[in-house]
Amino acid sequence: MDATPASTAPLIGADRAPRAAGRHPHPLKLLGQQFRIEWRLYLRDRGAMFWTFLFPLLMLFGMGMIFRSGGGPSISLVRVQPAQESPRDAAFLRALNEAHLKVTTLDPAAAEARWRKGETSAQLESVGDGYRLRLNSYLIAQGSAAAAAASQAFLVAQARLHGSPEPERIPMVVESPGHAHSNTYAAFLVPGLIGLNLLTMGLFAVGMVTVSYREKGKYRRLAVTPLPKWVFLMGQILQRVTVVVLQTAVLLLAAWLGFGIRNEGSYLVFAALVVAGTATFIAMGFALASLASTVETYGAIANLAFFPMMIFSGVYFRLDSAPKWLQNLTLLLPLSPFLRVLRAVFNDGASLAGHGLGLALLAGWAVLAFAVAVKRFRWV
Amino acid sequence: MASQVAVRSLRKQFPKVLAVAGVDFEVAAGEVFGLLGPNGAGKTTTLEMIEGLTEPDGGDIEVCGLRWRDEAPEIRARIGVQLQATSLYNKITPREALDLFGSYYPRRRATDELLELVQLQDKADAYHITLSGGQAQRLALALALVNDPEVVFLDEPTAGLDPQGRRSLWEVVRGMKAAGRTVMLTTHYMDEAETLCDRLAILDHGKVLQTGTPRELIASLGIPSVVELTFDGTPPDPAPLRARLDVPVEARGALWEIPTSDPKTMLPRLLAAAESEGIDYAQVHVRRATLEDVFLHMTGRSLRD
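So the sequence lines, in the order shown, correspond to chains A and B.
Numbering of the first sequence is given in the numbering used here, commencing with residue 28 and proceeding in unit increments.
Numbering of the second sequence is given in the numbering used here, commencing with residue 827 and proceeding in unit increments.
Derived by calculation from the structure, the hints in this document are not laboratory data.
Predicted model only: the values in this text are computed from it and were never measured.
Don't take each hint at face value.
[What the hints assert, rightly or not] Far from chain A, by Cβ distances over 12 Å, these chain B residues were calculated:
1) Asp988
2) Arg992
3) Pro1064
4) Ser1087
5) Asp1106
6) Ala1108
7) Val1110
[As the list claims (entries may be wrong)] Lysine-lysine pairs mimicking DSS-like chemistry, simulated, CA-CA at most 30 Å apart:
8) B:Lys1003 <-> A:Lys245
9) A:Lys402 <-> B:Lys842
10) A:Lys256 <-> B:Lys917
11) B:Lys917 <-> A:Lys243
Think of the CB as a built atom: it goes at the ideal place given N, C-alpha and C, for glycine as much as any other residue.
Can you make the complete structure from the sequences, with help from the hints?
See below:
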């Protein structure tokens, strides 16, 4: 065995002349380079490109078209053809048509078939001398509106038949809370999709990638080079942030060109909110990544966080008809307050005043996620 | 000559096992130094502590005269590392990977030169995920050399390479040595350790059993030759032969090994004894002792176990 040097002496003699190694590259130069390579590799990943850019557009145009109702309200009613059209039936039908209701008259068999398929929201039937309104419990919002219009039309028809003065109609206007949009579902959807993009980016493009790099040993290979770790992480984060900016810009442009929807609020406030959301969800990705050591475990954890937010935080629909406790519970998820504030600004042109609680909840999540990420982050 | 790597009393305790239990050695500049031992001997853990990947629980490490605590970035700039498994981005090409990793260092070798060195010119612009195991291994080697390092650490560099790939890796290592660089590698291939390494440390259970040149290690056995008997089919019981010759006969299935320092007298005695015991062997060989015999002698186990 080799002679062991005395414990206080340096292990290697001082006579070794250090080699002139040259200057280490500047960290900012390295950061620029990491940013470029992250982008280049991202552009080569077709899956990422689809989920990032194409999927939100497909959702916007697909769902925006399906639930399109631009212009006036379009409330529809199925009318079951009476066995014999009485004068009263005819008067009622005329009044219904005047009420901007889209009335489809079907014979009883066809009406029943359509009802069974679940396509009818409200159906007007003759029962004995009178009428009955049947409302689809799954489409109660549309059905109720149709029922209200039909009830008014009935009163008008009754008055005409009896020669008494016609009751005054109450005009119905469907409009968003900020008076900006007339029942365009796409307008509701745009902020939701932006929020969903941020959530997906944080949990999957940051969190999942972190766990997979750690598990596969990519970080170990980088750890033996002089590249500072913060440069690597910052390059990754900056790339994701530019992806989000582009994604948001593409969605806004598509919403404007496709549906004429614009941000009704301040663009500065809107941008600040998107940045705050981005920071929160990136931190959340890193925090969750520190809880899992394999991609499989991480997948389970991330989905456990992702699906409740996607469904209950109001990306696609409001939870107004859900029990109050569930609504309150979902408010605690970070996406819910974010979407509420973002919608208020984007759809209704609101300022941040009056949204203190939501902003505080969002900030709380950001601080918690940052603390966990910084404390628990592991390279190996 | 000055040492490029020196470790003293190096220890690493994992939750359930003492992986490295007090290891000392020095590697001189310009030397090819091998850590030889079976799986689980502590070779990789020792190497990873020297590379700065694993924090030791005790002991001292100096690399290029520097210590990790004080000058980590400087050490990283001067060493090259090939890990046992190198994972990269799936869709990066060898050329891009070499350019990227090269940019992290104060000095670097030209990408084309490295591609030529590991014979990856044809695959220079193919995605990493499409490379074969051997090609990926060669890229990992090129990445370890990207900064023209003073010391290169290679962990099982030829595992998974075909014979031609192994020989060209040996050539690269010899070229490093000729250029005055220091190479430290782990292996469990005897022939590799014997032909490639100037000096070796034999590791088992986290301890250095012996260090020396391959010749010294083999000579230390005191039995330079081994007579081998091979059998077709099932060999008979070796006990009568052992008793008659009064020497150890290592029976390993259809191969019996009889170590000897004097094959000139041993061979006729052995053949006569086999004749009178009616032992129907197929072939007789006399070979010189190898590191495998040294390892077997010191641990009672084969390296491949």
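Hints, verified against the model:
1. Asp988: holds, 24 Å
2. Arg992: holds, 22 Å
3. Pro1064: At roughly 35 Å from the nearest Cβ of chain A, Pro1064 of chain B sits farther out than 12 Å, so the non-interface label holds.
4. Ser1087: Since the minimum Cβ distance to chain A is about 24 Å, Ser1087 of chain B lies beyond 12 Å and the statement holds.
5. Asp1106: With a cut-off of 12 Å, Asp1106 of chain B remains clear of chain A, as the shortest Cβ separation is near 46 Å.
6. Ala1108: For Ala1108 of chain B, whose nearest Cβ neighbour in chain A is about 42 Å away, the distance exceeds 12 Å, so it holds.
7. Val1110: holds, 37 Å
8. B:Lys1003 <-> A:Lys245: holds, 29 Å
9. A:Lys402 <-> B:Lys842: Distance ~26 Å between Lys402 of chain A and Lys842 of chain B Cα, so the pair holds.
10. A:Lys256 <-> B:Lys917: holds, 22 Å
11. B:Lys917 <-> A:Lys243: holds, 15 Å
When the structure is compared with the earlier hints, no violation turns up for any of them.
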